[in-house]
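K.L.:
Residue numbers (our numbering), protein chains in the order written: chain A, 125 to 382; chain U, 125 to 382; chain E, 211 to 734; chain X, 211 to 734.
Honestly, the hints are just simulated from the structure, not real lab data.
This one's a predicted model, so the numbers in the text were calculated from it and none came from an experiment.
Any given hint might turn out to be false.
Here are the in silico distance ranges between beta carbons for each label pair [said to hold, decoys possible]:
1. Ser694(X) with Lys131(U): 27 to 35 Å
2. Lys227(A) with Leu399(E): 44 to 52 Å
3. Asp174(A) with Lys209(U): 51 to 59 Å
4. Glu409(E) with Lys131(U): 49 to 57 Å
5. Ala301(E) with Thr203(U): 51 to 59 Å
6. Gln219(U) with Met350(E): 50 to 58 Å
7. Pro697(X) with Arg377(U): 51 to 59 Å
8. Glu540(E) with Thr203(U): 49 to 57 Å
9. Gly345(U) with Ser694(X): 30 to 38 Å
Derived lysine-lysine pairs resembling BS3-like cross-links, with alpha carbons at most 25 Å apart [as the list claims (entries may be wrong)]:
10. Lys197(A) with Lys127(U)
11. Lys160(A) with Lys160(U)
12. Lys195(A) with Lys304(U)
13. Lys584(E) with Lys637(X)
14. Lys127(U) with Lys426(E)
15. Lys127(U) with Lys584(E)
16. Lys131(U) with Lys160(A)
Here are some chain E residues the structure puts well away from chain U; computed CB gaps all over 12 Å [unchecked claim]:
17. Thr217
18. Asp229
19. Ala301
20. Glu358
21. Asn369
22. Glu372
23. Asp373
24. Lys382
25. Ala553
26. Arg592
27. Thr623
28. Gln675
From the three backbone atoms N, C-alpha and C, an ideal C-beta is built for every residue, glycine too.
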Amino acid sequence: MTKVDLKNIRPYGDTLDDGKVQLAFSLPLRYGPEAKEAARQLAIEMGFEDVDVVSAHDLGGSFSFFVVYGKCKHSVDVTQLHIPKVEVEQMDYFQTNDFIRDKLGRKITVVAACTGSDAHTVGIDAIMNMKGYAGEPGLERYPWFRAQNLGAQVPNETLVAKAIDADADAILVSQIVTQKNVHISNLTRLVDLIEAEGIRDEVLLICGGPRISHELALELGFDAGFGPGTLPSHVAAYIAQELVRKEHRTSARLAEER
Amino acid sequence: MTKVDLKNIRPYGDTLDDGKVQLAFSLPLRYGPEAKEAARQLAIEMGFEDVDVVSAHDLGGSFSFFVVYGKCKHSVDVTQLHIPKVEVEQMDYFQTNDFIRDKLGRKITVVAACTGSDAHTVGIDAIMNMKGYAGEPGLERYPWFRAQNLGAQVPNETLVAKAIDADADAILVSQIVTQKNVHISNLTRLVDLIEAEGIRDEVLLICGGPRISHELALELGFDAGFGPGTLPSHVAAYIAQELVRKEHRTSARLAEER
Amino acid sequence: MKLNLDTTRIARCRECAGDIADTIMEGVNRVTTTTIERTVCRLIGIDGVDSAGVPLPNVLVDMLHEAGRLASGAACYVGRAIVATGLSPQAIAEKVAAGEMDIVSFDSVEHDLARAALEDLVAKGIARIEANAERRRELMEKLSPGIEPLIYVIVATGNIYEDVNQAQSAAKAGADIIAVIRSTAQSLLDYVPYGATTEGFGGTFATQENFRIMRKALDETSLETGRYIRLVNYCSGLCMPEIAAMGAMERLDMMLNDSMYGILFRDINMKRTFADQHFSRMINAFAGITINTGEDNYLTTSDAYQEAHTVLASQFINEALAHRSGLPDEQIGLGHAFEIDPAMTNAFLYEVAQAQMARDIFPNEPLKYMPPTKYMTGDIFRGYLMNGMFNLAGVMTGQSIQLLGMLTEAVHTPHIHDRYLAIRNAKYVFSTARDLGCEMTFKPGGIVETRAQKVLDEAAVTLEQVREIGLMAAIEEGVFAGISRAPDGGRGLDGVAEKADDYWNPFEDEISARLKKNGGGACD
Amino acid sequence: MKLNLDTTRIARCRECAGDIADTIMEGVNRVTTTTIERTVCRLIGIDGVDSAGVPLPNVLVDMLHEAGRLASGAACYVGRAIVATGLSPQAIAEKVAAGEMDIVSFDSVEHDLARAALEDLVAKGIARIEANAERRRELMEKLSPGIEPLIYVIVATGNIYEDVNQAQSAAKAGADIIAVIRSTAQSLLDYVPYGATTEGFGGTFATQENFRIMRKALDETSLETGRYIRLVNYCSGLCMPEIAAMGAMERLDMMLNDSMYGILFRDINMKRTFADQHFSRMINAFAGITINTGEDNYLTTSDAYQEAHTVLASQFINEALAHRSGLPDEQIGLGHAFEIDPAMTNAFLYEVAQAQMARDIFPNEPLKYMPPTKYMTGDIFRGYLMNGMFNLAGVMTGQSIQLLGMLTEAVHTPHIHDRYLAIRNAKYVFSTARDLGCEMTFKPGGIVETRAQKVLDEAAVTLEQVREIGLMAAIEEGVFAGISRAPDGGRGLDGVAEKADDYWNPFEDEISARLKKNGGGACD
Ligand code: B12
Ligand code: B12
Ligand SMILES: Cc1ncc(COP(=O)(O)O)c(C=O)c1O
Ligand SMILES: Cc1ncc(COP(=O)(O)O)c(C=O)c1O
């Protein structure tokens, strides 16, 4: 048996390196042989060989839909992959509370909201609510957290004001609606606002949602990002550990300065 | 409203030129964040932006499956597309028979088979059988055709021998099984065989099947290829018209030589 | 009735819901709201925006409200201005907006004269709505009205022109009903945006011009396909009656209009919402528009198996309130949804129980069945199949309106082919299992029947409890969707005003009279 | 019985089929075939290939056949050679292949001595098969045997090692049964290929080594997942009993074994096939292997709605013949398929009628339900949904073995994730509608019941007609799948020989005796 070459990973259908991929897309072209050929050409542009338009549909007017199979010529060197991951050691509810008590010795204050016009509360509630999510308690239940959930459709300004008010250690923002990248502009505006308020160094800035990745969060100037399937304990553990790391850094810097 | 730019056709999701495409493929990698990132990178290699791995699955062992959405950067200039089409004027059963009587004045002999190890007769039967297909009579019913269907799993050698025997005007080959491109090698062998027999110029060589296109047929050295959805009348009309064209060419050449 | 449900229990639920609605109506009849008055302005012909982009009905009504004059209704002020100036309502509004006229400066004009001055305009407003209802009837007769379950799909590109592309494509593929989803949070705007719009998020703004553009496009497609394509938009929010009026003027066919949605899911004040929903539903009723209620929303946040009875309880309340706004059963599209966790064994049987129960209890109502959304993931294949099972439940249990699920529900608002695939899904399932519902009977005392009876019993308990404490208090206690709202909390309470004795709303009067005459439901 | 079918009509069909089978058996008992004799060779330990790659059993048997000695059976010749030379059967075969021995040169050895010489080897061959059956029973007890409908998927990469990847992935995802599809046209080979193979088209060659490799891989996965994963391969073709023997030796659990498939769909001579299927089924029976019949094939060429009765007629015949080879009902996996044109209104109801009918008529048989293939197109989404409806029909009507459809049926042999998606499809549908079948009853005289009765009536007519003229003549008349085959046409007739009076097949004798003792079906 041929071995998988980690430097050249290709899609797999039923034979190693066969490169088989399924595509589906519409084109703004009237249905017919021309549109079908355009679909095929497009797949070739993407780097496919043996392109097969296996299904073509008339969407009415000047649109057509295609299902295409092809062999992908590209490959990925997985030995070179860089995967930005939230740096955190898994801890459960009890471990995190003990950790905060022992290492920080004070309650952590967090303020959370689903901001802008977004009204999807289920995600942020999953992280925050007493009753918790997937069998885990939410941050409101943690004795060593002081957790405040502002709910949905909260203007960025209100969130920042509340955070300043509460002297929050961390701000948690949820963004579910992503059409026309509205989450990007909304999150970017939040970061600007926080920097304008001069509190960027005082708070952990965390965002989450189904289309959020840690990488995207970092790009936007957040400290961390949490995607689908996040559990409250992930977030709690991260905040606790990061705050302790932060205190260490601060005291180290202060020591140096002295 | 922005107009569609035929020189730069891109996939369409819900906004002109948004480039949205769905992909699905497996990778020979153990399920986990690395595999997911590899899937994302692969899509980037293919020329996608805003790549979103919306679904990732553990296939057990060292395989993972992904559903991915992304924005395709490529576009197609549809004003430059070249679409090889079988050259034929649509004619029905009656028109074709009349056409043969008037223009050729003799019966056309065709021999058909599903060759090699392929046992899928439904496709070639659809074209050939008395009872026909999709409400159309098959070639066997055409009074101006002498049609012989050899059935399935016919060796290329047998087909060629029968064609020589019958002094066939056209040879029809069906190929349905395409795994590991067995149809390509099988069709190529047939062409070689026919050339070796020195009868290439005497017969129309036609192939068909769900994965056959006219373009592929030409590449392989056939005169025409018919894909899915072909009707008996398409094939009959093509053979009749092409034979007439061929006679014209021959008499023109003969006239010139004289 | 296919399920052997306890009919006295059903009757008792209806009685409870009637009492609950009556209590609500007492409060409703005592107040008016800014949006109700803006609706009156719109119906007598005021439209457009001022130089700052504020809609003229808002300019006018805000002025009245600031002056503490809402209690008498906007109509009499406009009437007085007409008498005094001889100008059209539109001209008056424009002058007021330009600061060239003070709308409360004509107090000296007799009330009766003011009424008389509006008579023709009111008649014209009424006639426009009637003509639309008539035109719809005509088209329905001329073209095919579609076969139930009707296929209902949404468009939500944010751009009305792209919406048209998507809607026409869907209609050609077989959609009977097109809903243009609104931009996020439009329900929180205390005005209706103006003109054609091309920038929305998760949906397209509901504006009268957008309604017109889409109606025109769908009329074209109706003629092309030989099927009457219905158009839907949303009443919900801070502008319920205004949008209802716009829908009536542009011949929409259905409107989302739930008596509690705004309260629970948008934190809009309950007094405001109850008043607004009533007048908006009267307009819907008169315009021949079918309402769609929003019980599906209970299940997207709470557990669909546990909270099934709240859906039924809410359906009874929505029905009772709808009757009190003059809506006949045939225009009450009660909502429910296919949202039970697909990991649950026999989930499909429980879904069928719920859907068949709704069909049995509300036999004349065009039930609107909402697809799985909550348990949809990025696995589009599984999603497509779940939507198929949902479509099967729909055709098996005789649902009227099937809002099709999208295989990409968890990913994005629908792409053009997502909708196409959804329609093909529904058409295949509806056809392949067309008569399955008639072919089969449920085992007496089996899983399906037992489940339906249990949900009915629980709904009865809930309704008794709500009647006991009143709907407002029940909402405060979080009976619905576990969400608690205070009677004086939420947005829009500042737009509510007690009616004065001389309060006058010519459209309420006229529509009320007409609905009674048409023999529709009695209208409070 | 869920459908109110006419039980006397069912009994009559069975009677007809019995008569038909009895007539066939008369012919079967008179002949032997090259592959039957090769099977005997294999079971006494002859394996491997000669220098030209020809399997040794072929070398030996061809020699006997050319010498006109097949009539007595290969066993006695090998026995004589043992007596004469003291060599093992394998050594004898090798010498024969090398041209160093003439197998027909020991005629002087007494028949009884020859028999005695084989006694231990025959016992060893029998014991090996018995041990496998016992091991299967043990594993089934230790591990979960799965819940019906069992999930059956195919692997078909052409490369046995890739097949292992695909099979293990599928088993982990929930497959209960893995069938390794054979390379195209293996059924036309009059020998069984040898060794591990990596080059097949549309499937992987059935070889004993490939069986062993896959069995080992699946045993691993069985232990890992705690479920006994069954392995399937194909008996059909010119080597039915040989492959049955290989399957018995390598502990396969199911084998495709249809009494007429080879005749109709591979143009194999009918005398040859009837003889071969009988002995192969005896081996299957004794090995505890469940057969899968191939009635689905009728529907891929002919119309599934029109020709439904031929499926039922063929099921009765397959059943009758299987009984005569000693197969108990529990090992007769009668095939049928979900192949009605999905464009037909109520197609799903007709499918349910057919499947429920089969369930009612063959209550103890592990029905094998085949997925839509013919109307699958490149529209993978629609295909996925059709497979879901097929899975629903399967769980609703209590099918035993559900061969899962692939969304890419019209495109390629399954990719690793196609199979994964298919398994998720089945698991979701089986779970969400687990008890739907028990929950519902069909309307008496409704579409489903009427349809089932009609198919039964038509099958009865067909069976009467076949009994009248005999099965061979019926096949010649094209009764099944519209395909006509002549009694002396087709491949492999040259491998059929009339038995002589001294014909001896020790395995047939032994297995026959054992099956009778085990109280299995009576074995002709
Ligand atoms: C439920 C739901 C609703 C409910 C919301 C109820 C409520 N109170 O939240 C209702 C019915 C009200 C609703 C309305 C709308 N919705 Co909605 N809705 C959904 C739905 C079905 C499920 C979302 C959900 O609850 N997921 C479950 C939670 C637990 O998952 P999650 O949000 O991903 O959260 C997890 C992680 O992401 C993470 N996380 C999330 N936030 C945060 C924050 C932090 C700090 C951290 C650490 C982690 C974290 O942790 C959570 C737990 O693991 C999705 C479709 C789908 N299946 O995903 C559409 C969906 C999100 N809605 C959508 C839209 C467009 C709307 C509307 C705008 C439509 C309209 N125009 O009317 C409206 C308006 C809402 C608004 N103004 O925002 C779109 C968004 C499209 C897009 N990508 O832009 C979706 C995808 C549906 C679709 N395909 O169109 N919706
Ligand atoms: C029916 C069928 C069978 C039947 C065949 C019965 C018969 N007598 O033909 C049976 C059950 C026997 C069968 C067996 C096998 N099949 Co098969 N089968 C199919 C199936 C379901 C439909 C094919 C069909 O009949 N289509 C309908 C006809 C009308 O369409 P068509 O062939 O495309 O023909 C049209 C055009 O292409 C054109 N055309 C075709 N030929 C010609 C020739 C000429 C000259 C012209 C002008 C036009 C023309 O005109 C026709 C009319 O429009 C397909 C899956 C699918 N849904 O497509 C799999 C499929 C073709 N089979 C497949 C396989 C692998 C097999 C097997 C090899 C499996 C195995 N290992 O046992 C076996 C063995 C058969 C063999 N030796 O070749 C694969 C092929 C994979 C691949 N791409 O390589 C498919 C795609 C299924 C799958 N996904 O695995 N099969
Ligand atoms: C009754 C009702 N109104 C309105 C909406 C739309 O929400 P929004 O308030 O964002 O317009 C919904 C959404 O599900 C609804 O069910
Ligand atoms: C009973 C039976 N045997 C065998 C096969 C496989 O075909 P082949 O003859 O190519 O091995 C099938 C395919 O459907 C079948 O149904």
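K.L.:
Now look at each hint and say whether the structure bears it out.
P.N.:
How the hints compare with the structure:
1. Here the CB-CB span from Ser694(X) to Lys131(U) is close to 58 Å, at odds with the stated 27 to 35 Å.
2. Between Lys227(A) and Leu399(E) the Cβ separation comes to about 48 Å, which falls inside the hinted range of 44 to 52 Å.
3. At about 21 Å, the beta-carbon gap between Asp174(A) and Lys209(U) misses the expected band of 51 to 59 Å.
4. Between Glu409(E) and Lys131(U) the beta carbons are some 27 Å apart, a value that contradicts the proposed interval 49 to 57 Å.
5. Distance hint check: the CB atoms of Ala301(E) and Thr203(U) are about 53 Å apart, consistent with the given range 51 to 59 Å.
6. Hint check: Gln219(U) to Met350(E), Cβ distance near 44 Å, so the stated range 50 to 58 Å is violated.
7. Between Pro697(X) and Arg377(U) the beta carbons are some 54 Å apart, a value that agrees with the proposed interval 51 to 59 Å.
8. Separated by about 53 Å at the C-beta atoms, Glu540(E) and Thr203(U) satisfy the suggested range of 49 to 57 Å.
9. In this structure the hint that Gly345(U) and Ser694(X) lie 30 to 38 Å apart at CB holds, the actual value being about 36 Å.
10. Simply put, Lys197(A) and Lys127(U) have alpha-carbon atoms about 33 Å apart, too far for the 25 Å limit, and the pair is violated.
11. The hinted pair formed by Lys160(A) and Lys160(U) fails the criterion: a straight-line CA distance of about 31 Å is larger than 25 Å.
12. A distance of roughly 12 Å separates the Cα atoms of Lys195(A) and Lys304(U); the hinted pair therefore holds under the 25 Å criterion.
13. Restraint check for Lys584(E) and Lys637(X): satisfied, since their Cα atoms lie roughly 19 Å apart, inside the 25 Å limit.
14. At most 25 Å may separate the alpha-carbon atoms for a hinted pair to count; Lys127(U) and Lys426(E) meet this at roughly 21 Å.
15. Among the hinted pairs, Lys127(U) with Lys584(E) is inconsistent with the structure: their alpha-carbon atoms are about 37 Å apart, more than 25 Å.
16. Taking the CA atoms of Lys131(U) and Lys160(A), the gap is about 16 Å. The hint holds against a cut of 25 Å.
17. No beta-carbon of chain U comes within 12 Å of the beta-carbon of Thr217(E); the shortest separation is about 46 Å.
18. Even its closest Cβ contact with chain U, about 46 Å, leaves Asp229(E) beyond 12 Å, as expected for a residue assigned away from the interface.
19. Residue placement check: Ala301(E) keeps its beta carbon more than 12 Å from all beta carbons of chain U (closest about 34 Å).
20. With a minimum CB-CB distance of about 28 Å to chain U, Glu358(E) clears the 12 Å threshold, and the non-interface call stands.
21. With a least CB separation of 7 Å from chain U, Asn369(E) falls inside the 12 Å interface cut-off, contrary to its annotation.
22. For Glu372(E), the condition that its CB be more than 12 Å from all CB atoms of chain U is violated, with the nearest at approximately 6 Å.
23. The non-interface label for Asp373(E) is inconsistent with chain U: the shortest C-beta to C-beta separation is roughly 9 Å, within 12 Å.
24. Look at Lys382(E): its CB is around 16 Å from the nearest CB on chain U, clear of 12 Å, so calling it non-interface holds up.
25. The claim that Ala553(E) is not at the interface with chain U holds, since no C-beta of that chain comes within 12 Å of its own (minimum 16 Å).
26. At roughly 9 Å, the least C-beta separation between Arg592(E) and chain U is not larger than 12 Å, which violates its mark as non-interface.
27. Residue-level check failed: Thr623(E) sits 7 Å from the nearest beta carbon of chain U, not beyond 12 Å.
28. Non-interface call for Gln675(E) relative to chain U: holds, since the shortest CB-CB distance, roughly 42 Å, exceeds 12 Å.
The structure does not agree with the numbered hints 1, 3, 4, 6, 10, 11, 15, 21, 22, 23, 26, 27 stated previously, though it agrees with the rest.
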